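Undergrad: Each protein sequence line maps, in turn, to chains C and S.
According to the working numbering, the first sequence is numbered sequentially starting from 1.
According to the working numbering, the second sequence is numbered sequentially starting from 1.
Note that these hints are calculated values from the structure, not bench results.
Predicted model only: the values in this text are computed from it and were never measured.
Ideal Cβ placement from N, Cα and C applies to all residues, glycine included.
Incorrect hints may have been included.
To be verified - Simulated coverage check for chain S against chain C, where a stretch passes if three residues somewhere in it have a Cβ under 8 angstroms from a Cβ of chain C:
| id | segment |
| --- | --- |
| 1 | 368 to 382 |
| 2 | 436 to 447 |
| 3 | 488 to 501 |
| 4 | 511 to 517 |
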Amino acid sequence: MGFRSYLFKRLFYAVLVLFVILTFNFILFRVMPGDPEKMIIDPNFTVEAKQELRRQYGLDDPIMTQYFNYMKSLLRFDMGLSFNTRRPVWSELKERLPNTLILFVVTFISTATVGISLGVYAAANRGRYAERFVVGAGLFAHAVPGFFIQLLLLLVLGYYWPILPIHGTMSAPPPDGGFALFLDRVWHLILPAGSNVVIGFGSWALYTRNTMLEALSQDYIVTARAKGLQRGEILYHHALRSVLPPIVTLIFMSLPGAVSGAVITESIFSWHGVGRYLLDATLQMDYPAAQGAFYLIALSVIISNLLADIAYGLVDPRIRVGAGGQR
Amino acid sequence: MRANPKTAQKLEAARAAASSAPRPLTFWEQYRRKPQGMVGLGIVLVYVLVAVFAPVIAPYDPMNDLYLADSIAAPAWFANVFSKYRGLPPTIRLSLGHEDWEVEKSEAISIVPLEHGDKDGIEIFMPATAAPDAETDTSEEKPTSLWTSTFKWSPFGADDDSKESTDSSSPEKTGRSSLDKAVFQHVLNYEYKKPQTFSTKLNYTIDAPADAETSIMLELITPSGKTFDLWDTTARGSVEDGSGLVDARDLDLKLRLGISFFDEPTDVVFAEKGDYTIRMTFDAKSPNGPVTIKLRPVEFGVLGMVHGLLGVDHMGSDIWSQLVYGTRIALAIGLSAAFIAVVIGTSVGMIAGYLGGMVDEVLMRVVDVLLAVPTMPILIVLGALFGKSVFNVVILLALFSWMGIARIVRSQTLSLKERTFVEAAKASGASSGYIMLSHILPNTMPLIFANLVLRIPSAILTEASLSFLGLGDPRVPTWGRILQNSRQFGGFTKLAWWWLLPPGLALTFLSLAFVFIGNSVNEILNPRYRERS
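Generate the whole structure from the sequences, applying the supplied hints.
TA: Below, the structure is given as structure tokens:
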């Protein structure tokens, strides 16, 4: 199995998963309590008006026609109108998407940076207190429920010592001027992104430390040491270089989880993003909105899964060279 | 053949020697030597004990005992530790029955206890007055507040005073004279700072001739001697089940005390420390027959600003009890969700691995697809759609968490089915089902067990996050719900860390304990893991 066929297979799976999720989405929002027509159609409407509405929403079509229309419109990001705001769901999502992406990217880069550096640091200080501390802190941060850490940080930094904003993506009203606005947004970003770093650095640090230690026990490291190379050189030139591929894979592999976790972060910090939109829409039984948000999140998870698979394929010699092997 | 006792002894000794000879340690013997694992097990044991003995440990019903103290009251022990909370009142609930009152009355009036529940009420008997028409003593009678009869708000659903005829401007009946009054007093020692609120509730029945006029008045006398008229009523004729309710949050009381809407009655009434006197005055003018007043025990309460071990939440419900009962729910959800997930995962993995071919292909593709589905969003959507109940949450958690186990069990099955004992069983004609159940399953058991242990905390944490997001069962006290309440109902603005920390720490220690156990189990089951750490 060469890399290309591997890639095609993964792509096929991505499309399959998308198809399954879309179908699931379609069925789900038709079997659930309180079907869409009852939400839209006012009981005071005349019979003609009701029929006209049903026709407009395509509720009279055979179920397969509805299904195809639904597929077509979702693929074009036509998600219908929100029950609550009567605005197109996609334009509402478009407003929120940048916020989610900003939070996501910042969180991700800082978590990976902090986690990987701590992991390397721990591996370099094997057997000392520094290593034990990093490992302990990492395990602890890994075990503590994430939303609890976030709530705690919010309570301490937002309420006890109110130095950071407690909710939102920017001040209301937003400050004038590009730079002031930028600073304001950064200021609002610190708590959500920072708390995510606290939650997430543990697994990164532990993983990096473990792979580093494994690399350091390899023969070529012994050789390098026997040659009389500096400790730093061995660490950063030889060991780190060999553990980068699995870490890069990990970066991509943790993408889907990070997308999923955004819902909780956004709802705790009242972040004006897609995850919170999904939660609000679901709790308010705003079905088109919930469906649209879920579709968007699922799509991004599928895409990040695909990226992870590609990255995995690129670094795994068995797949790259084409020796086959089960995933 | 009878065995020689000596040989028997020797055999015995040999057997003992054989058993003391190095033999593979059992799982438990290995586990016992892991301090981390034992700590984890100890913590879990504590949780289990708390869950089992929840009714004994928790003093209150976590969901139904409301208004135990003022909203978001701090823990009672704070009063001894932090100066900010020193002197705050605990909840005071008095039920004043027959023996609690100090009575001042004239000879003619007789008072007897009235059977009522645990505590006796009072029955006051006032004989009829001789009716000298001349004396109409209106100065005795307090003008009744108009507000009493028209704007009474009864937050506890007490029946309103529809039968009370407090219309003081109605034409006076002639021929009545005042009896001597009966005055009841109860002294309440109050040595705390002022409370946020207090309330009084009384129920009475008056049995009197139609033209009798009976008045009841409730006053509070502060230590410095100021008298506040909290409530009064004047009834004509008989009254069945009359009730009076005084609440410091009530507008009626504010008007009566002459303070503005935004002032607190407690600022005026409960500003001092010392002996307060609750005074009730009964008076009747009845020319044509005796008046009997039946008074149930009078309830007087100050909602505490400190309460219990962990304070109360926004509804005045005991947080400690919620926490204790939350342990039950958490363990039950974690165990059952993990168990179902392991059962599904094991069956799928074993069937896919053993049967192979198309079955394997299809099942593993299902696993792939399910693994690619974003868990949290789908749990949110499904949780909201299928109704918020513990059962649904358990099922959903299980349905979206068995895939990893299926993969592991499948690969284990793949290697097991090549082993000779399976071949032998196959050769002797055992069916696939039999081989799976009695050869493959027992050999995957340790693996399954390790995965069960590892799944429990993640199920508990996921349930907690769902509850926290407002998708939990509203009828059940879960830790996630306590956290959600503290976030939603003012725990943060009031800096009520005692509301936020306990459920969070409970979750943390439980999941930490399972991580410890999981690590130790892994070290025993996977030798590779042992080398590394």
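Undergrad: Flag every earlier hint the structure violates by its number, smallest first.
TA: 2
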